[in-house]
Amino acid sequence: GAGVSQSPSNKVTEKGKDVELRCDPISGHTALYWYRQSLGQGLEFLIYFQGNSAPDKSGLPSDRFSAERTGGSVSTLTIQRTQQEDSAVYLCASSLTPGTGGYNEQFFGPGTRLTVL
Amino acid sequence: EDQVTQSPEALRLQEGESSSLNCSYTVSGLRGLFWYRQDPGKGPEFLFTLYSAGEEKEKERLKATLTKKESFLHITAPKPEDSATYLCAVPRSSGGSYIPTFGRGTSLIVHP
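Quick mapping for you: the protein sequence lines, in order, are chains A and B. Take 1 as the starting number for the first sequence in this note's numbering and just add one per residue. Take 1 as the starting number for the second sequence in this note's numbering and just add one per residue.
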C-alpha cells in the first residue's frame with residue numbers, strides 16, 4: 001500500500017517568502033506529526049494532530065510556523081517570512097490511533113528539503 | 001526534563017565486526033522505547049518497540065534490549081547494507097497526549 005508522501009521533495013526560496021509543505025498520511029492513520037531535521041541534529045518535534053482534537057502546537061518555534069489538517073487527512077505546514085535558519089528537512093509521520101499505551105510506531109514520509117537563500 | 005541520549009555519535013565497523021549502540025533515557029513512566037533506521041535522504045523507518053525492562057526483540061542481524069535506564073541495539077556480524085543512522089525515541093507526556101522525543105542518532109558505517 002501507499003506510504004506517507006510529501007511534496008515538494010525540494011524547495012528553494014528567498015528569505016522573507018512564504019512556503020507551504022504538504023503531507024499525505026497513510027489512509028486510516030488518525031495521528032499526524034511534523035518534525036524538522038537540521039544537518040547533524042535529531043528530529044525536532046513541531047506539531048501533532050490526533051483525529052478531531054485540537055493540535056499540540058508546543059513544538060512550533062515561532063508564530064511564523066503554522067499547520068492545518070483538512071478532513072482528518074492531508075496536512076499543510078506553512079512557514080511565513082522564511083529565514084535562513086528555517087533551512088532544514090521537514091518530515092511528516094503518521095500512525096494509527098494511540099491506544100492505552102499512548103503511542104504507536106510512526107511511518108515517515110521522505111521529507112521536504114527546504115533551502116532559504 | 002525528559003531526555004534521550006545516544007552514543008556513540010558515529011561508529012565505523014569492518015564487515016563482520018559486531019558492536020552495540022546505546023540509547024539512555026530519563027523519562028518518568030516509560031511508555032515504550034522505539035528504534036528507527038534512517039538512510040540518507042529518506043525518512044526514518046521503524047525497527048522495534050520495547051516496553052519493559054528485560055524485553056528483547058530481534059530482526060536479522062539486529063537485537064534490541066531494554067533496561068530501566070537504557071536500551072542497546074546490538075549488531076551482529078554487520079554488512080555494508082547495515083550502514084545508516086539509528087535513532088531511538090521515547091514518548092513524553094504533552095497535554096494529555098504522548099509526543100516522541102528522539103535522540104540525535106548514531107551514524108553507523110560498515111566497511112566491506
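Treat the hints as calculated values from the structure; they're not laboratory data. Nothing here was measured: the structure is a model prediction, and the numbers come from that model. Treat the hints with caution; some may be incorrect.
Said to hold, decoys possible - Some, not all, of what chain A presents toward chain B, calculated at C-beta under 10 angstroms:
id: 1; residue: SER7
id: 2; residue: PRO8
id: 3; residue: GLU44
id: 4; residue: ASN52
id: 5; residue: PHE107
Note that CB positions come from ideal geometry on N, CA and C, so glycine has one too.
Outcome of the hint check:
no., hint, verdict
1, SER7, "violated (14 angstroms)"
2, PRO8, "violated (14 angstroms)"
3, GLU44, "holds (8 angstroms)"
4, ASN52, "violated (13 angstroms)"
5, PHE107, "holds (7 angstroms)"
Consistency note: the structure conflicts with the earlier hints numbered 1, 2, 4.
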